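Undergrad: Chain by chain, the residues run as shown.
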Amino acid sequence: MPHRLTISALSEKLSRREVSAREVTQACLDRVSSVDGQVKAFLSVDAADALAQADAADRALAEGAGSSRPLLGVPIAIKDVISVQGHPLNCASRILGGYRAPYDATVIERLRAAGAVIFGRLNMDEFAMGSSTENSAFFTTRNPWDPARIPGGSSGGSAAAVAADEAVATLGSDTGGSIRQPAALCGCVGLKPTYGRVSRYGLVAFASSLDQIGPFTKDVRDAARLLTAISGHDRRDSTSVPTPVPDYEKGLLGGDLRGLRLGIAREFMVGGLDPEVKTAVDAAVRQLQGLGAEIVEVSLPHTEYAVAVYYIVATAEASANLARFDGVRYCARVEGADPIQMYERTRGTGFGPEVKRRIILGTYVLSSGYYDAYYLRAQKVRTLIQRDFNAAFEKVDAIVTPTTPTAAFRAGEKTSDPLQMYLSDIYTISCNLAGIPGISLPCGFTSNPKLPIGLQLLGKPFGEESLLRIAHAYEQSTPWHKARPPL
Amino acid sequence: MSDGDFDIHYVARLARLALSPEEERTLGAQLGNILGYIAKLKEVDVTGVEPMAHAVPLVNVTRPDEAGPSLSNEAALQNAPAKAGGLFVVPKIVE
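If you read the sequences in order, they're chains P and C. In terms of this note's numbering, the first sequence opens at residue 1 and continues consecutively. In terms of this note's numbering, the second sequence opens at residue 1 and continues consecutively.
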């Protein structure tokens, strides 16, 4: 059952030739065949292409390349918003038609250089807009712990595929929580890097000042390894930052957290927080304290404005970014009497309801007469949110919060009320606005039904090393990451 | 920040988005609700606060102005809905 292994355990077996890259890739493909009818994480899989990569990895392994290529032979599946040359790229939208990516994203180039077997297109909310994958134009992904419930979103396919052992690890993207929220709801590890840590070249842009690509994995060590592989400066992304990339896996120092100070934000532990989630997070805080960390209360007073700021900034940027889907360059076109009518018809037919809602909102907040009242004001409140974090990080090394206010909700429960759906991202959104890194990892389960609960750690800019160290110490002292859904 | 004058028909036109009358009704009502929520930003005192466009500690990022490899014409056009002579074909713009 090599598809059930972590990257680190699988790599050892591959290096020792106890399992081949072809066997583990075939095991993932078989697992997709047997469970994805229920989970629906994958939009498509090119088995022949995956096995050809696996055979190439086996030849490299036979030559002893395993020690220099940390992902050699490891099957990794990709969210349908990241370009993989020659493969479909739809952003789970109808508007891209039969589009195939003409080039590899930088993260894909880096995964290939590290030896990964890139396979499969993972379902998501259309253009990464949503919190449940219910906005996919194709179908809704199901939570592996309970098929009546959503896996979270927008990277719901990425989280569900890891939780269901259909891939050893996956990549997703996070604009307001789209990695951390589904990781929490599916019970895996998800990390959103500092803005600028990972190149966005080849990632279809939703909100350019907020988007980051990051890993979904079965444990924290794997997240560290995958982050090391995909991070670093890229001249093709002018917002990627030339800060050196440490070996994040080497930064995992074991279970002693003495000398570290962790903040509890009082503004995060109120309101619609589910009692079982609160109990699990409180227990996690005591566990971290038991490992030697000092717990300090901090204040992030502008937290209550984060969702409002986000839905102005993100929709404004989206309305500009999605202007390119106009029927001229990207496959789908609905003809019209003139170019304007062609644009309007192509976009009116090709985009789903949530994307339309956000384009309209973003266009409105940028329009003449409203720009100052909405967009400019939101940018100023964004500054205040960042200042809150700067002040908190003068006192603490990381902040501990729930990832989500509740465990996975039922499919259909929030689709008729977009605002309620937006508010489910309340704990993850401010991290993107401030540009800081965040990680979600399992910290328990609700009792009935049994659903995963996520713990979120937020860190200083480029502080991924500390975040991973804290997360690893917690994880290794608890059993949660070993639990698997009843599939 | 009044949303009383939110004209979805006008904004959809700005966004080059054809909406059915039913979509206009549904989206209009939902957006009224969302605008009501985001109006809470009025409460915040932003006097003297600089706006933040992004979180990157970089300004004026440039690279040497040198030609390098890029997508071929063929690859750039491979997804075009209509193409001819190495170009994207669009409806007539000028009479």
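No wet-lab data here; the hints were simulated from the structure. Here the structure is a predicted model, which means the values were calculated and not measured. Even for Gly, the Cβ is constructed at its ideal location relative to N, Cα and C. Some clues are possibly wrong.
[As the list claims (entries may be wrong)] Quick look at which bits of chain C chain P covers, simulated, 3 or more residues with Cβ under 8 Å:
{"no.": "1", "segment": "49 to 55"}
{"no.": "2", "segment": "58 to 66"}
{"no.": "3", "segment": "78 to 90"}
Undergrad: Which earlier hints can't be squared with this structure?
TA: Per hint list: zero violations.
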